[in-house]
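Trainee: Protein chains in written order, with this note's numbering: chain A, 1 to 929; chain B, 1 to 499; chain C, 1 to 89.
A portion of the hints provided could be inaccurate.
With a straight-line Cα cutoff of 20 angstroms, these simulated SDA-like cross-link-like pairs (lysine to any residue) come out [stated by the list, open to error]: (1) B:K23 to A:Q850; (2) B:K23 to A:G186; (3) A:K357 to A:L269; (4) A:K201 to A:G186; (5) A:K540 to B:R421; (6) B:K23 to A:L852.
Source of the hints: derived by calculation from the structure; they are not laboratory data.
The structure presented is a predicted model; accordingly, all values stated were derived computationally and were not measured.
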Amino acid sequence: MLLFIALIPLLGALLPLWAGGRRGRDVSVWTTAAVTAASLALLLWLSPVVFDGVVLQANWPWLPQLGLNFTFRLDGLALLFGLLITGIGLLVILYARYYLAERDDLGRFYALLLLFMGAMLGMVLADNLLLLLLFWELTSLSSFLLIGYWHSRADARQGARMALTVTAAGGLALLAGFLLLGHIAGSFELSTVLAAGETVKNHPGYPVMLMLILLGAFTKSAQFPFHFWLPHAMAAPTPVSAYLHSATMVKAGVFLLARLFPVLADTDLWFYLVGGTGLITLLFAAYAALFQHDLKGLLAYSTISHLGLITLLLGLSTPLAVVAGVFHIINHAVFKASLFMAAGIIDHETGCRDMRKLNGLFKYIPWTATLAMTAAAAMAGVPLLNGFLSKEMFFAQTVYQAAAGGEVHWLLPLLATVAGIFSVAYSARFIHDVFFNGEPINLPRLPHEPPPYLRAPVEVLVAICLLVGIAPAYTVGPLLAIAATSVVGGPLPPYSLAIWHGFNLPLLMSSLALIGGALMYWQRRRLFRLGDRYPPPDGKALFERGLNLGIAATRRLTEGLENGSLQRYLALLIGVALVAGVAGAWQGGELTGDQPLPPVDLLSLLAALLLVLTTGLTMLWHRQRLTAIILLGGVGLIVVLAFIRFSSPDLALTQLTVEVVTTVLLLLALRYLPSDALPESMPSRRLRDAGLAILAGIGVAALTWGGLTRPLQPELAEYFLATSLPGGGGANVVNVILVDFRGFDTLGEATVLVIAALGITALLTGGFPLPIRSSPRVVSIEERWPLLLRMGARPLLALTLLLAAYIFLRGHHLPGGGFIAGLMTALALATQYLAGDFRWTTAQLNLDYQRLMGGGLALIGFTGLVSALFGYPFLTSAFTHAHLPIFGDFEIASAMAFDLGVYLVVVGAVMRILLELGQANAEENGWKP
Amino acid sequence: MNHALILPILLPFLAGISLLFLKTSSMLTRRLSLMATVALVPLAVLLLILAGDGGYRVYLLGHWPAPFGIVLMLDRLSALLLLLTALVATPALWYAVATDGDRQGRYFHPLFQFQLMGLNGAFLTGDLFNLFVFFEILLMASYSLLLHGGGRERVRAGLHYVILNLTGSALFLIAIGTLYGLTGALNLAELAVRIAAAPESDAGLLRAAAVLLLVVFGLKAAVLPLYFWLPAAYAHTSAPVAALFALLTKVGVYAMIRVFTLAFGLEMNAWLLPLGLATLIAGGMGVLASRELRRLIAYSVIVSVGTLLTGIGLDTVAGLSAILVYLAHTTLITAGMFLLADLIVDQRGHTENWPAPPVAQLRLLSGLFFMGAIALAGLPPLSGFLGKTLLLQAASSTPALPWVWLIVLGSSLLVIVALSRMGSRLFWNMQDVATTAVPVSVRRWWPAAALLAAGPLLMILGQPLTDFATATARQLLSPSGYMAAVLATRDLTVLGASL
Amino acid sequence: MLNLAVTLAFTLLGVALLLTGWRLWYGPTTPDRILALDTLYLNAVALLVLTGIRFASALYFEAALFIALLGFISTVALCRFVQRGQLFE
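One chain only, chain A, in its complex shape (with noise of 0.2 angstroms):
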């Protein structure tokens, strides 16, 4: 049942959208108002149990690891929470039903309207920390769409950012502080954490987490110093100011003191925080709020000073001051919300809220007039309305502070008079500038009466002001002692709720309130002129400067780091592995393991030599691009007689064809390349660049050092050797780790292949921007196609082939494989293409090598499959051994049709690369595809 009072509302939320896009305005409103009753209806039929005084709990597992679980409680705080948000509600949608405009989308209003309710209520029914915190993001959340209803307006999108941004914080600080609360008391359960107050108080962590929680709870009610976003947040309609900014969303902060009263209350800091911080809200807001010449603005620092009332009722601890303060929620939350309507309806009807224009009112809205004087004389604590009532048990139990001694004792009442004092002049302003004090000055339309339904919910909330103020005990009585008998989490002392108690101090100071006052407001002027000279601090600008500043300070900083610059992040990348490797390797162990070196011969070092002096000079002259290439050609060569010096014939002969396809292919990619010579970095750069160049070097290169002094672990290679020939049928270990014992790697590899293949051709064909240069010279066909070479390249290409066949085939036993008979074969294929012209080339082929590669992979593929078919693992090889006529014993294995798919790939994928990357050069001189 429980979960339904808050479910209801957020589910209801999506009729009004649903209403307001299809029917009309008043079915928008029938079932928003009658999802409202509903939640309200039924808060109702469950309240006798809980003024009898039991606490109606409810739950569910949600998220028992992180601790939030549907859990909720309707004790006496919850209920008249509850009464309030659903009964104000209600009053709220008929109102706003006829305050928006026909424009304005009231199926959003409603709905939106609806998710806030719904929030709120499941926030003050949670009996958990983490639920509690979820509905009070929401509500926040909700607002912040709420102010920002009207969107095309700035002040409305900044007031809702504001207040977004100060409410966020202060959840996120709530979160820290429900966390540490949590974890103190051991559960997330408020039923737990209710009753561990003295365990928390006595905590280390105490402090902190009430600081956060604190926080959390100032900066949703508009608590000094976080209180500027509230009067901004009155650009939103009037129906959301006087429901969420003054009714019930602000008073979410105060509910939360409240609820953890038991928990977190009666301690030295919380007095002086929470009281400290309530005092001067008080006045603050109640000074600041006399210079407001906005009718809203000055309601909204009526509403801060109030909350700030109700904090320091909280934070002064004793039971009766939580009665006071609980009262003056329940008052405040009606006269104040019938101010707003009020002067909604003002604005409604005059289409203007300065102060300084509307005057004398009375006669054209005498009834709205007497009602809306009626709530502010409440607002000011005029004896028989309900503010006085509240206003005087505040001011008795400021006198009994005093009287108790401590350090502020004297103080406290007179700041409270003070208060009073400001709250009465306020008062008297909105009374007397509004209605009287002359004619209304340049309105844009006279006002008259409004319809009755908009007067109604003002009306139904000025009687509440009148019943309560006159007959307390008979009216809110029972609901205030139940509501403040579990804020307190005890019985409560004996208090009276009585209009007279008889000539007492607090008697005097709501007599010298009212005429300090009436005194005030009288030589307003002088004030005001004050006020002019000394404005209160705007803490708009201040949060908009600050924000701003912090936004640029952000974006300076990141783009300074993100500064588009390719050097510099190379240079992080390989200076961050340099600094990170060094201090990995810095923490122990040794560089040069016990491996004794081989000997070197004369002409293994003098091989190195060349090795150092062709890279040496590659680097050196980068910038002349083909110089460069052939430089690398060599450094390329000289790692191939390594290969072969160290018995790696293997290696040395894909290094060898992967050279020369290098070659060709950088030859290919210079077009791609502006050929003017490129502007040096500043020597700081360059210096820069050499150092962490050489130091990686020798990073790299002590790498190498530290495995090649260590002996091999022989266990891998041990395996191979054994294995190769009976288990994989190859007696060449190297092509048989290649194509069965890792022959997943070389899918993979030649996957890559393929992408490369294909992801060059979608760049290039996809506009790739080629610099401009100036066309070679037209020349015969004889210079462009010299005889000599197109004639020796035809018998080279079947040379090649043979050779590459005979690679192939012998691969699995001796050096050689698919992938370097594909390599061999394209080269032999470019040559052609190389030596004639291009177009013709091309025709006479006529070889689609985007089919051949992707014939390839299917091979290797299906080569994986077929073992599957056998029960065996993708890739599992086999072999057999055959006999034939004329070739004699051979052997056929399933690895050979693996290794032919590497062949094709290599053939197809390199070929359409550089055909590709040739096609360019081609197309400059008058060839199309």
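Chain A is fixed; fit chains B and C onto it per the hints.
Mentor: Frame of chain A, contents of chains B and C only:
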């Protein structure tokens, strides 16, 4: 041996090959590509159920026993990431097809399939060098996908990505070479055993290699001094690719978790926690500094990486399980946001300009944006809250508590501020003119909506998800089971099969 | 006798390597360097043949053959680029 293990690799592989024989982006191509991608979802679910029993599934490729051949290895973590891949890939691909994005260049579909192959392979392999190979596959495909469609900015940012990652690959090889030279092992389980047994004199070099791996994975994951390639690249590539790339940084994170929990143990955490926190700060500031939506989301990717690293760095079951929950959330939501951003730009023009004409589907787009923003910012009641709060709780019993809380919550605030500014700018600050944009059909917006639905869904399914994540974290932090499962195959005596 | 010849040849080849290296360095023109690279290929061929003789292995002859063949293709490509500024037309 369960052949289902190889299917997540084989399916996109074969699909990719088949697509090579079809016309680029013809109807048939699209259908085949979509089918192959959608099929990954039930497959991944199957594997998830399989892995859910807490066991390890080993697949010996070529029937060679570990550590001699290559093994695939399925545990909870792999299964989780496989499922995420499938869940992101399907809507992304659909979106590409629905918006004709696949026709803006050649070979979109085969490249997409090979990308999936690389991702799935990286998540499944149990071999360090094979991991390198799959990194190559996924990187090579990602290079092309990133540049798909061309355009000056895209090519520029994309080339940075390509060159940096090529350098990263070189570093990866150096690290693998060093490790192999010292231990003689490539199989991860074997490597772990060897490293544990390595003599003290090898410790420095081994650590250097490990740290190099960290740098490589950190580059992929986009960690603080190495992430600068990401914002521009992600902001300028096409939307479906950006959505898919929401996964790509997670590969780096995955590799860190996998390799470090298995082979290097506790040592790496001293590095990861401060790195993660620093990345979080930088990412949060980047989010706030972003002038346009795509870049903002790109920076939120960096925020998520920072969060993930922080969680790994805590080195507790709670921390690891928290970020696994977060991982699922951030991947899906970020991907959804990238798609949504495209829809928004489509209807109102570039997000850097305002006020702009109103979008045609205000409620739909702003609703989705609001949902995504809440999830991204980690506010309740959506999924971001779950992961973030779990992480905060995990940190609460460690000495790092104040830092983690301050920075995680602080960056959340930056994200909230940035998103509220962006959202109000996009949907509230509009020119007072009638929209000229054409509303899009459900065909185009469901992918974004489906991904963003993860926000509420992961929250509703929070408990099973958290349970799974906790079990995964337990499994990861007691790697002996993994080693035992893989190395048990050593005694397999069957050598090849004769016909 | 053969040993002496082989050793002598190795020595001379070492000198040739040095000289080729110097040409690569000194240039001064691009064709000079291309020629130097081509010569380097030739040196490599000779080196391999000699090694083959020294170790009496046929494998090295094969390797020499490949280097000769592929070196030719590389040289052709380079020359073509120098002459025409592009490879295919």
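Trainee: Could you run down the list of hints and mark each one as holding or not?
Mentor: Evaluated hints:
Between K23 of chain B and Q850 of chain A, the direct Cα distance comes to roughly 11 angstroms. Compliance with the 20 angstroms bound is thereby established for this hinted pair. Straight-line distance between C-alpha atoms of K23 of chain B and G186 of chain A comes to about 63 angstroms, which puts the hinted pair past the 20 angstroms bound. The suggested pairing of K357 of chain A with L269 of chain A is violated, with an alpha-carbon distance near 46 angstroms, which exceeds 20 angstroms. Between the alpha carbons of K201 of chain A and G186 of chain A the distance comes to roughly 14 angstroms, so the proposed pair stays at or under 20 angstroms and holds.
A threshold of 20 angstroms between alpha carbons decides the hint, and for K540 of chain A with R421 of chain B the separation of about 16 angstroms falls inside it, so the pair holds. With a C-alpha separation of about 15 angstroms, the suggested pairing of K23 of chain B with L852 of chain A holds against the 20 angstroms cut-off.
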